[in-house]
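J.: Protein sequences appear in the order of chains A and B.
With my numbering, letter number 28 in the first sequence gets 28, and the count goes up by one each step, no holes.
In my numbering, each residue's number is its place in the second sequence (first place is 1) plus 295.
Hints should not be assumed to be uniformly reliable.
So the derived label-pair ranges between C-beta atoms look like this [as the list claims (entries may be wrong)]:
#1 A:180 with B:593: 33 to 41 Å
#2 B:391 with A:112: 34 to 42 Å
#3 B:513 with A:89: 42 to 50 Å
#4 B:487 with A:118: 24 to 32 Å
#5 B:510 with A:211: 30 to 38 Å
#6 A:116 with B:628: 24 to 32 Å
#7 B:612 with A:118: 26 to 34 Å
#8 A:112 with B:462: 50 to 58 Å
#9 A:70 with B:391: 25 to 33 Å
#10 B:590 with A:116: 17 to 25 Å
#11 A:116 with B:624: 32 to 40 Å
The following residues of chain A were derived to be distant from chain B, with all beta-carbon distances above 12 Å [stated by the list, open to error]:
#12 55
#13 152
#14 265
#15 266
Calculated directly from the structure, the hints in this document are not laboratory data.
Since the structure is predicted, the reported quantities are computational estimates derived from the model, not experimental observations.
Using N, Cα and C, we set each Cβ at its ideal position, and we do this for glycine too.
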Amino acid sequence: MSTILQLLVSGIMLGGIYAVMSIGLTLIFGVLKIVNFAHGEFLMLAMYAAWAVVSATGMTTYTAMAVVTPLLFCFGLLVYLLIVRPGIEKPHLVVVFATMGLSIAMQNLALVAMTADLRDVAPLFGGTPIKFGPLYFRVELLLGFLISIAITLALMMFVKRTYIGKAIRATVQDRDAAMLMGINVPRLFLLTFAGGSALVGIAGCIMLPLYSTFPTVGLNFVLIAYVVVVLGGMGSMEGAFLGGICIGIVQSLSGYYVAPAYGQMFYFLIFLLVMIFRPNGLLGQRGAAMVGINE
Amino acid sequence: MIAGRLSAVSGVQAISLSIAPRRGAVSLVEIAVLASCIIAAAVVSNRYAVDIMIRTFLWAGLALAWNIAGGYAGLISFGHAAFFGIGAYTSTILLLNFGVPPWFGMFAGALIAACAGALLTRVCARLRGPLFILSTLAAGEVVRIAALNWRSLTGGPEGLEIPPVPNVVDMVFKSQWPYVAIIVAYMLAMFALSAWIEQTRYGYYLFATRDNEDGASAIGINPSHTRTAAMALSAATTAIGGTLFAQYFLYLDPTHVISPDISFQFALICAVGGLGTASGPVFGALIIVPLSELLRGLLSQSTSGLHLVIYGIIVIVVILYFPSGVSGAIGRTVSRFFPAGGFAARVQTEKYDAQA
């Protein structure tokens, strides 16, 4: 009994981490209607940046967030201006292939600059887990989970309450109508892409203590992020959180009861089932599945 | 636009000859390029150069196969490595366990891959754009993980090895020239198939479905059947390429053969060369494969991976600034010098021009 409870709780916490990693992707998809195929490499960059800050100054990754998040914001800005903006009015293929080229270039640049060695940071409190009743938690996992809840709530408040948030929701629903209502859609695109990248910066800082970083670390996680985003419904932040937790639980249970190797297979199968029966995701906008239909 | 295309459908014309690459025609430029490929294959004897040539032509054939789904039908698939792997594994398993020669085994692989491709298209029938792409990526990963864990059949992560005993029946040769001949034949067959599709009624159905699905179904085309058939054909021809890959390298493992990187490579070669044309994938492979092999050779002493950085940057620049690819650029240049050829490069540029 306590095994199942332990697995469920760790799964939920892992899911929180996955949610943070995916929330930037879902935001960008909802507003810009593009998938950033270099998302995993943004995460890799964030993890390396966090590692560099930690090993240069000796602070924890959580304080390094103050440096890494603005850095990723600027990087997102740059990528948007150089690669996404020239392609966004063209057929969706152009952005798909351009971001894919970016992903290959970044991955191998990291290989050239940092070699294939694993980089990690020392665990907090010497790696002793916290005991809570019959359950054990890794400190980093618990902290990551709490931060992910805080970020999801903050983003939901931001989208509901502020003017930019309202503009984002309007653009998600109908880009043309939003533009006619006087929303500066191109600037909103810029802000969303950079903001989504900044969220990846936060995710990188949370994930560095849990996983070590290496040049192809992004590929492992970006596939999970796609599953999470599609499961929750592309463009939905609550959906990303829910989707993250579902995948976390699936991974944790299947890793224990079946085999870790098949765990991945399970969530890809879930992904395909969602695509067949509920292509808009659990909480997604209507018609999201039809986006990019040759227009 | 549809009406214009359908008037051409009314009588299926013979493949016509033009100077620049153009849809539904075989051009002088293409004939020159393919002829020089054959001559190079016959003349060059340096082992390293021949190896690069084999890889280039194999990738050209595979990219042409991908292009049937990705370029003609608009079904951008990042899961084609699964079909590639199905082809490679089916013929190899049949050879190792049952002694079936790969000459027949490759058609068994093609059949299985065609069924898998048709199934995937049916399953994802409602999806478009990014969601379709992500679904194919997921399907490819399912096949990779299955191959990785089904040890009794696929040998798991250690992979399968074809004994390097030269034997014509087993499609294993000591010298390189039979491989060159087989793979050039594969590339030429794929090119001929693509050029033929472009000017058949079915090809026009595909273009109509890709460019305007509602319009296509309004004039009596069944978009679902058209797409499914394109994906099945693309998967089957990719699987045959997979068998040739297995016979040339004589070693298979899931991590390298069914990796998403392979699928991305198919797509990127087509994107650089020019999507939706018969010449694009050939041009793309002729540029990208030797370039990355040569860069790898030149730069490997200093740093590994640098050649792929350059490769990634080339992809970004080409796709953003020459969206009709090398093929479209060649078409435009040639028709500027030979306006008497009469035709502007119509390769896939119509859509981009309309958007620009």
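J.: If a hint holds in the structure, say so; if it doesn't, say that too.
T.: Do the hints match the structure? See the list:
For residue 180 (chain A) and residue 593 (chain B), the hinted distance range of 33 to 41 Å is not satisfied, since their beta carbons lie about 54 Å from each other. Checking the proposed 34 to 42 Å range against residue 391 (chain B) and residue 112 (chain A) shows it holds: the Cβ atoms sit about 39 Å from each other. Separation of residue 513 (chain B) from residue 89 (chain A) is about 27 Å and departs from the stated range, judged on CB atoms against 42 to 50 Å. Between residue 487 (chain B) and residue 118 (chain A) the CB atoms are about 49 Å apart, so this pair departs from the stated range of 24 to 32 Å.
Between residue 510 (chain B) and residue 211 (chain A) the Cβ separation comes to about 49 Å, which falls outside the hinted range of 30 to 38 Å. Separated by about 42 Å at the C-beta atoms, residue 116 (chain A) and residue 628 (chain B) break the suggested range of 24 to 32 Å. Between residue 612 (chain B) and residue 118 (chain A) the Cβ separation comes to about 33 Å, which falls inside the hinted range of 26 to 34 Å. Residue 112 (chain A) and residue 462 (chain B) have their C-beta atoms about 43 Å apart, which leaves the hinted 50 to 58 Å range violated.
Between residue 70 (chain A) and residue 391 (chain B) the beta carbon distance is about 56 Å. The supplied range of 25 to 33 Å is therefore violated. Between residue 590 (chain B) and residue 116 (chain A) the C-beta distance comes to about 19 Å, which sits within the given range of 17 to 25 Å. A hinted range of 32 to 40 Å holds for the C-beta pair residue 116 (chain A) and residue 624 (chain B), which are about 36 Å apart. Residue placement check: residue 55 (chain A) keeps its beta carbon more than 12 Å from all beta carbons of chain B (closest about 22 Å).
A cut-off of 12 Å between C-beta atoms confirms that residue 152 (chain A) is not in contact with chain B; the least separation is 22 Å. For residue 265 (chain A), the shortest C-beta to C-beta distance to chain B comes to about 4 Å, within the 12 Å cut-off, and the non-interface label is violated. The beta carbon of residue 266 (chain A) is not kept farther than 12 Å from every beta carbon of chain B, the shortest such distance being approximately 10 Å.
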